[in-house]
Amino acid sequence: AQKITQTQPGMFVQEKEAVTLDCTYDTSDPSYGLFWYKQPSSGEMIFLIYQGSYDQQNATEGRYSLNFQKARKSANLVISASQLGDSAMYFCASQTGTGFQKLVFGTGTRLLVSP
Amino acid sequence: EPEVTQTPSHQVTQMGQEVILRCVPISNHLYFYWYRQILGQKVEFLVSFYNNEISEKSEIFDDQFSVERPDGSNFTLKIRSTKLEDSAMYFCASRERGLNTGELFFGEGSRLTVL
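Top to bottom, those sequences are chains C and Y. Counting in the working numbering, the first sequence runs without a single skipped number right up to 208 at its last residue. Counting in the working numbering, the second sequence runs without a single skipped number right up to 116 at its last residue.
Some hints here could point you the wrong way.
Stated by the list, open to error - List time: in silico DSS-like cross-link candidates among lysine-lysine, alpha-carbon distance up to 30 Å:
1) C:109 x Y:43
2) C:96 x Y:58
3) C:96 x Y:79
4) C:96 x Y:84
5) C:163 x Y:58
6) Y:43 x C:163
I should point out that these hints are in silico values taken from the structure, not numbers from a laboratory.
Please work from the sequences and hints to get the whole structure.
Below you can see the structure in the form of structure tokens.
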């Protein structure tokens, strides 16, 4: 069974600073994918970044990067140069195997960016 | 940019009533999902659907729930007899292909309130 753990219920960061949101995962399947989604107060789920278990390099998408440490089973999201619009809930999720398997989500981290 | 659309955005219903939530996935997508999020909690998988049949369902998805794709475009979630604990945000999602690299696109959600 998959499990995602996000130990930070809330994080605070000042505008323009970088912030790291933690995520650890637990799966016995050698093939898996890790996702990060942003959920603003309006409620929609916005895809941010994806990391495959066999990817050699850490994924990056603009200001988002994923610090993938396979041996430690961690997939932390790093947001550089935080903006006020980054204030939201952030969910880490995993999917095992190949195919159309479900995503399993963590409990989320609420990020607040202050001016 | 193509998107997953959901209707209604908010529905209020009386306990025991039937509810149908509708979703129009992205047109070339093949895999469809329903997730739910009880207020303040994590996103939970309900069901996945491929090739006109359920491919996986969670424990939450009991006999009160059903899904169908009646006309090749709409993907619906029906709750036969709603309970108070069905109050949640329901997200439809779709993906183009069944590989780990396939981004899962979410709709904006349908908020269901059961009184």
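Each hint, compared with the structure:
1. For the given pair, residue 109 of chain C sits about 28 Å from residue 43 of chain Y by alpha-carbon distance, which is consistent with the 30 Å threshold.
2. With a C-alpha separation of about 17 Å, the suggested pair residue 96 of chain C and residue 58 of chain Y falls inside the 30 Å cut-off, and the hint holds.
3. The hinted pair formed by residue 96 of chain C and residue 79 of chain Y meets the criterion: a straight-line CA distance of about 28 Å does not exceed 30 Å.
4. Under the criterion of a C-alpha separation no larger than 30 Å, the hint pairing residue 96 of chain C with residue 84 of chain Y is consistent with the structure, at around 28 Å.
5. Between residue 163 of chain C and residue 58 of chain Y the CA atoms are separated by roughly 29 Å; this keeps the pair inside 30 Å, and the hint holds.
6. Of the pairs offered as hints, the one joining residue 43 of chain Y and residue 163 of chain C holds, with about 24 Å between alpha carbons and a cut-off of 30 Å not exceeded.
Going down the numbered hints, you'll see the structure goes against none, and every one checks out.
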